[in-house]
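Those protein sequences? They're chains A and B, same order as listed. Going left to right, the first sequence walks through residues 26 to 356 as our numbering numbers them. Going left to right, the second sequence walks through residues 26 to 356 as our numbering numbers them.
Hints in this document: simulated from the structure, not taken from any laboratory. Bear in mind that the values here come from a model prediction, so they are computed numbers and not experimental data. Even for Gly, the Cβ is constructed at its ideal location relative to N, Cα and C. Among the clues, some could well be false.
As the list claims (entries may be wrong) - Partial selection, computed: residues in chain A whose CB lies under 7 Å from chain B:
(1) ASN31
(2) GLU34
(3) HIS35
(4) SER40
(5) GLU83
(6) PRO84
(7) SER256
(8) ALA257
(9) PRO291
(10) SER293
(11) GLU294
(12) VAL318
Said to hold, decoys possible - A few chain B residues that don't get close to chain A, going by computed Cβ distances all over 12 Å:
(13) LYS27
(14) GLU39
(15) ARG55
(16) GLY134
(17) GLU148
(18) ALA201
(19) ASN320
(20) GLU326
(21) ALA347
Protein chains: 2
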Amino acid sequence: MKKLINDPEHVVAESVEGFGWANADIVDVRTDPLLVLRRGGAVHGKVGLVSGGGAGHEPLHAGFVGVGMLDAAVPGAVFTSPSPDQIVPALVAADSGSGVLAIVKNYTGDVLNFETAVELAEEDGVTVAVVVVDDDVAVKDSLYTAGRRGVAGTVAVEKIAGAAAERGDDLATVAAIAARVNANVRSMGVALTACTVPHVGGPSFDLPEDEVEIGIGIHGEPGRRRIPAASADEITGMLVDPILEDLEVGRGEDVLLFVNGMGGTPLSELYVVYRQAHRLLTERGITVARSLVGNYVTSLEMQGASVTVLRLDEEFTELWDAPVHTAALRW
Amino acid sequence: MKKLINDPEHVVAESVEGFGWANADIVDVRTDPLLVLRRGGAVHGKVGLVSGGGAGHEPLHAGFVGVGMLDAAVPGAVFTSPSPDQIVPALVAADSGSGVLAIVKNYTGDVLNFETAVELAEEDGVTVAVVVVDDDVAVKDSLYTAGRRGVAGTVAVEKIAGAAAERGDDLATVAAIAARVNANVRSMGVALTACTVPHVGGPSFDLPEDEVEIGIGIHGEPGRRRIPAASADEITGMLVDPILEDLEVGRGEDVLLFVNGMGGTPLSELYVVYRQAHRLLTERGITVARSLVGNYVTSLEMQGASVTVLRLDEEFTELWDAPVHTAALRW
């Protein structure tokens, strides 16, 4: 294992400390427990947005803290859910009195720990709504997960719900919008290589040099199948087809097309995947009205990518376009 | 070799086509020869900025085309200079009558091809100034290069000169500012792994599993030395020390600290490097007034990072902060 780290035990804390220094105009980093908060704290009259989960998926979630997106992010250890003790102070810090929406990716540990934290925070007088993101069409009932996994669609949920909160929508409305984004977004990924979790020290799974795994999870959970390495266009088709089938999106509809890198894939390759996904959608009469390409929900240095499609309506488009000022998304 | 590509012969064209579709609000892509132009063409009364070089370093340079930065980018084949035939139309397209600044990274092929292209464009009536970026302190007279190599400092040159052009400075002024940025910026990198050029099909060099290369070039050119894999803090010191020594920056000065990923390194590790670089600068009484962390000048999927330090003055800071709207930098 060669990594630009010091001690595996401290890698998350050190990385978040560096993140905080580099983005001191956007976030405040709190330690013990480790939290990333929107600079200046909860905004009076605004619903707070909190997300979190295991580290190793950067820039998710800390990179999405800031104006127009999250109020707090809770980074666990690498690929490990944060504890309720860590989540409660985030929910409390994000609450200005208007309540908090917790955005949770569907992994059993995250869901349980957020549930416990929400109960505890509500005892402290914080009203919390929860949306569980489960956009991955690859498999149901995976390693770590009952039901579908939450993956890159989380970015769309955080951006659009964040914009709704920023414009002043109340908690019930922001929660309903977040749930509606989740109902209209689907993703699927591919891995070319595994990644190495620092405190484990070896690859998270074995993938032969001549195979790729279609439907991979963001922690290396098994996907649908392994196939001999194929062209980018062929692989892209294997991701786009199940997404479109599941989403039942069709001719005349507008979508956001998001090609996400797993961390170790060159940006140039993500654009090759984007190109083919765009062609496949356009061929079916679907309009790619918005796009996002880059490393947003990663698996450390895994080589691979995922495709996400969000069905857009006028409200989603307006909220997607609304200003955002975070480390990882800014417009 | 496993990559998300189709045919190695077409990977650059396909990637740039996808890039153009994903960023159709920012750029126009022209084929034959392949060019990325600021949408809407040259801006009347504004000096044009053109850069280019071999592909494989994305988002450099196409990702920096747009308001406040480049007017045109010329992508060659992977790690291969674009030809004069490809550069001339970019210089012509970027000229609104106010002249063009060509920003060239110091590699012999790039310098020669840009020189030829400038002569040809000037025959066509375009006034061109050239700045050659050579910020890499690692080695002199490397593979492909007489003198020092141009690496991640190029981003600072393009951003700051781009802002000067955008505010209406004339060609001589923009060229002088670009040269002044180059004179005040230094970089040095480290590789943990090699990368694989698609049309070569194997790693660009051999690096044992227990060694890293200090002072690596962005095409895998040899650096200063190979050392046994060390901690992020130790490696960061080996990059920061030669930079500070060469730049002669000291107590009381403001700098931009830029930690750049080589493409295959997790963002979380870049922040670990940033953290230590920030500590080392702060310990010496240098103020980190601006920061940038991410994959901006990459070497395909190489694992590694570089540190760049730019000495800031009031003008540089103002131009760095000026609005920019490109695919890769936006504020």
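Original post:
Taking C-beta pairs only, is ALA347(B) more than 12 Å away from all of chain A?
Top reply: Label holds. Min Cβ-Cβ 15 Å, cutoff 12 Å.
Subject >> Outside-interface status for GLU39(B) - nearest CB in chain A farther than 12 Å >> reply: violated, 5 Å
Original post:
Given PRO291(A) was flagged as interface, is its beta-carbon under 7 Å from a beta-carbon of chain B?
Top reply: holds, 5 Å
Original post:
Holds or violated: is there a CB of chain B closer than 7 Å to the CB of ALA257(A)?
Top reply: holds, 4 Å
**OP:** Closer than 7 Å between Cβ atoms is the bar; does SER293(A) clear it against chain B? Give me holds or violated.
**Re:** holds, 4 Å
**OP:** Closer than 7 Å between Cβ atoms is the bar; does VAL318(A) clear it against chain B? Give me holds or violated.
**Re:** VAL318(A) check passes; min Cβ-Cβ to chain B is 5 Å, inside 7 Å.
**OP:** With a cut-off of 7 Å on the beta carbons, see whether SER256(A) makes it to chain B.
**Re:** This interface hint holds because 5 Å falls under the 7 Å limit.
Original post:
Does the nearest C-beta of chain B fall within a distance shorter than 7 Å of the C-beta of GLU34(A)?
Top reply: Not OK, violated: GLU34(A) not within 7 Å of chain B, min 13 Å.
**OP:** Using Cβ atoms only, decide whether GLU294(A) comes closer than 7 Å to chain B, and label the hint accordingly.
**Re:** holds, 4 Å
Original post:
Is the interface hint for HIS35(A) satisfied, with its Cβ closer than 7 Å to some Cβ of chain B?
Top reply: violated, 9 Å
Original post:
Holds or violated: is the Cβ of SER40(A) closer than 7 Å to a Cβ in chain B?
Top reply: holds, 4 Å
Original post:
Does ARG55(B) sit more than 12 Å from chain A, CB to CB?
Top reply: At about 16 Å from chain A, ARG55(B) clears the 12 Å cut-off, so the statement holds.
When the structure is compared with the earlier hints, violations turn up for hints 2, 3, 13, 14, 19 and 20 and for no others.
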